[in-house]
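Residues per chain, in single letters:
Number of protein chains: 2
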Amino acid sequence: MVGYIIYGRGSFNQLDEIIMPYRSDEKPMIFLVDHFFQNKPLVTRIPLRGRDKILFADVTYEPKTSQVDNFARELKEEFGSISGIVGIGGGSTMDLAKAISLMMTNVGSSADYQGWDLVKQPGVYKVGIPTLSGTGAEVSRTCVLTGPTKKLGMNSDFTPFDQIILDPEVTANAPENQRFYTGMDCYIHCIESLNGTYLNEFSKSYGEKALELCRKVFVERNEWNDESDDQLMMASYAGGMSIAYSQVGIAHAISYGLSYLLGTKHGIGNCIVFDKLEEFYPEGVREFKYMVQKNKIDVPQKITGGLTDEQFDTMINVSLGMKPLWENALGKDWEKIMTRARLRNLYEQL
Amino acid sequence: MVGYIIYGRGSFNQLDEIIMPYRSDEKPMIFLVDHFFQNKPLVTRIPLRGRDKILFADVTYEPKTSQVDNFARELKEEFGSISGIVGIGGGSTMDLAKAISLMMTNVGSSADYQGWDLVKQPGVYKVGIPTLSGTGAEVSRTCVLTGPTKKLGMNSDFTPFDQIILDPEVTANAPENQRFYTGMDCYIHCIESLNGTYLNEFSKSYGEKALELCRKVFVERNEWNDESDDQLMMASYAGGMSIAYSQVGIAHAISYGLSYLLGTKHGIGNCIVFDKLEEFYPEGVREFKYMVQKNKIDVPQKITGGLTDEQFDTMINVSLGMKPLWENALGKDWEKIMTRARLRNLYEQL
Numbered sequence: 004m005v006g007y008i009i010y011g012r013g014s015f016n017q018l019d020e021i022i023m024p025y026r027s028d029e030k031p032m033i034f035l036v037d038h039f040f041q042n043k044p045l046v047t048r049i050p051l052r053g054r055d056k057i058l059f060a061d062v063t064y065e066p067k068t069s070q071v072d073n074f075a076r077e078l079k080e081e082f083g084s085i086s087g088i089v090g091i092g093g094g095s096t097m098d099l100a101k102a103i104s105l106m107m108t109n110v111g112s113s114a115d116y117q118g119w120d121l122v123k124q125p126g127v128y129k130v131g132i133p134t135l136s137g138t139g140a141e142v143s144r145t146c147v148l149t150g151p152t153k154k155l156g157m158n159s160d161f162t163p164f165d166q167i168i169l170d171p172e173v174t175a176n177a178p179e180n181q182r183f184y185t186g187m188d189c190y191i192h193c194i195e196s197l198n199g200t201y202l203n204e205f206s207k208s209y210g211e212k213a214l215e216l217c218r219k220v221f222v223e224r225n226e227w228n229d230e231s232d233d234q235l236m237m238a239s240y241a242g243g244m245s246i247a248y249s250q251v252g253i254a255h256a257i258s259y260g261l262s263y264l265l266g267t268k269h270g271i272g273n274c275i276v277f278d279k280l281e282e283f284y285p286e287g288v289r290e291f292k293y294m295v296q297k298n299k300i301d302v303p304q305k306i307t308g309g310l311t312d313e314q315f316d317t318m319i320n321v322s323l324g325m326k327p328l329w330e331n332a333l334g335k336d337w338e339k340i341m342t343r344a345r346l347r348n349l350y351e352q353l
Numbered sequence: 004m005v006g007y008i009i010y011g012r013g014s015f016n017q018l019d020e021i022i023m024p025y026r027s028d029e030k031p032m033i034f035l036v037d038h039f040f041q042n043k044p045l046v047t048r049i050p051l052r053g054r055d056k057i058l059f060a061d062v063t064y065e066p067k068t069s070q071v072d073n074f075a076r077e078l079k080e081e082f083g084s085i086s087g088i089v090g091i092g093g094g095s096t097m098d099l100a101k102a103i104s105l106m107m108t109n110v111g112s113s114a115d116y117q118g119w120d121l122v123k124q125p126g127v128y129k130v131g132i133p134t135l136s137g138t139g140a141e142v143s144r145t146c147v148l149t150g151p152t153k154k155l156g157m158n159s160d161f162t163p164f165d166q167i168i169l170d171p172e173v174t175a176n177a178p179e180n181q182r183f184y185t186g187m188d189c190y191i192h193c194i195e196s197l198n199g200t201y202l203n204e205f206s207k208s209y210g211e212k213a214l215e216l217c218r219k220v221f222v223e224r225n226e227w228n229d230e231s232d233d234q235l236m237m238a239s240y241a242g243g244m245s246i247a248y249s250q251v252g253i254a255h256a257i258s259y260g261l262s263y264l265l266g267t268k269h270g271i272g273n274c275i276v277f278d279k280l281e282e283f284y285p286e287g288v289r290e291f292k293y294m295v296q297k298n299k300i301d302v303p304q305k306i307t308g309g310l311t312d313e314q315f316d317t318m319i320n321v322s323l324g325m326k327p328l329w330e331n332a333l334g335k336d337w338e339k340i341m342t343r344a345r346l347r348n349l350y351e352q353l
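Going down the list, the sequences are from chains A and B.
Take the first sequence: its position 252, counted from the start at 1, is 255 in my numbering, and no numbers get skipped.
Take the second sequence: its position 117, counted from the start at 1, is 120 in my numbering, and no numbers get skipped.
All clues stand as given, with none of them false.
Once the Cα atoms are required to be at most 25 Å apart in a straight line, the calculated SDA-like pairs of lysine to any residue come out as:
| # | chain 1 | residue 1 | chain 2 | residue 2 |
| --- | --- | --- | --- | --- |
| 1 | B | K219 | A | E286 |
| 2 | A | K123 | B | D19 |
| 3 | A | K123 | B | M4 |
| 4 | B | K279 | B | K297 |
Read the hints as simulated data drawn from the structure, not as lab findings.
Assemble the whole structure, with the sequences as input and the hints as a guide.
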């Protein structure tokens, strides 16, 4: 679990005070900021001291192990070691910050640690400040990375942030489409978790609350306001907690293939896939389509047109490798249900 | 926050494996068990190794600072230091275990640390396994103790458990009255939190979910079953999270006076008080009375009959000392609203 959680409007202003006890000697604090905020006012509010440094993360594509390794190597070359890293941005920035923290203290490449409980050393102190709500990356024990052979997170007890600051104010003014796609990541988490075979009362309670909050934001309310930011931030947190104790399902398993091959961002990728999953999640997909329409969002179509058999095979291999997701969705006998042919057919519809 | 949380039926069986990495040298693990379990089968399932010891906690009355100090002194005399402490029981046992953990490493008396952020050293490794659901003590950053001059917790960042094991199976077969009173602690947390001025979306989300689960258990269902245990355990956790980010209110402020003077246990004390608070929490108290009736529970009446003026003054002083609770319930001007005379009148009704 994340050790310390602050929730509240304006809590970003406490950042200097919060990280102060974790500054050691001359070692700098590193602020990894989503490149979206370059030249935006938020950057001027970062409490720089001494040799502190702001690094902008290019999150045009999903985070890569090579990107993590480069950041960590450059930080080691410049500073030797650092006091900590503060990630400020969406889910990709959260995951990059977590991964870089771990790679400041663990040897080799981050690709060596893609899997479960392979990380052996705690990372440096790490703080997450989400500026987009929905991924749940702020509370998860993973950081999803695209590596040379797979798209898989560094899942470990050392991966969660030490501290998160949940300030709905910093999520205001996010681009509408992006905000919707990322919010839907949470909605889809909930549907997958609540319809999964791994469900227990813990993940159910979190999943139901997150779903209710998503509905308040995207179904019931007619225009975006401060309360939407408050509620979607809480939905993201609760949705993340729900899947931490259960698992996601088919939309995530299929969209991992898309992002591995095409670099499709996670939020929009999930929307593209979920849109076609009515046979698996009938009520959820109907409500999703209603939210798309109500919020006047475009869900891209036909993005797999023209791909080769080999490319389809790559996506299918990545997707079928996500065994726990399929098992959660379809039960122990999932391999009999989701054959390669059936999955190919699904990919062709995207 | 609690570092590690396990939720699930049968998870008690993982205790040996969970605590293994925290055993060091020859230092024993101490199991502090609610005296209710003396000669009960649960005790035989405790994974004793080496010099490990089971201590039974007499929780007939609310935990006292002297009780904590005695436990800690005896453990130091017998073992020097210990690997950790595992609390198994209701809220009192949870609070005792947390306090003893802290007093193994902090000098002086636990009474020196009643307040906010006075504890300076982390305690020894501590695990909580609640066997009664409702108090939220399993997730709180306090451990409420009755000391020589006040009833107040050791509120600190070092107070929460390192690990909790939420196994609804171990709450089965709790005595019905006790289970109800403790469950109502959670219900009252929620009403006080949701009607408080400190509310934000974080505590609101947790409070609403906990309230919904309490209603499933005590209002909607007609007989107790496994799902009741599952849901009440989750309600307790969520209710505890809700007040961690807001505050309780009038019932708690008044019942603290009762337990300080009369040793009234927290759960039943809250019920005795809440029963008379219809003017402050009209809907909550009406629903509470319905649950009392439906579940065929006796709420004691006239327990303050025959007390002296001096005794009433003692209760009033303890109660009015709980400033954050009153401010949460009645706002900044609470002292104008809750006069000594009005509070005396409320105590006389109990």
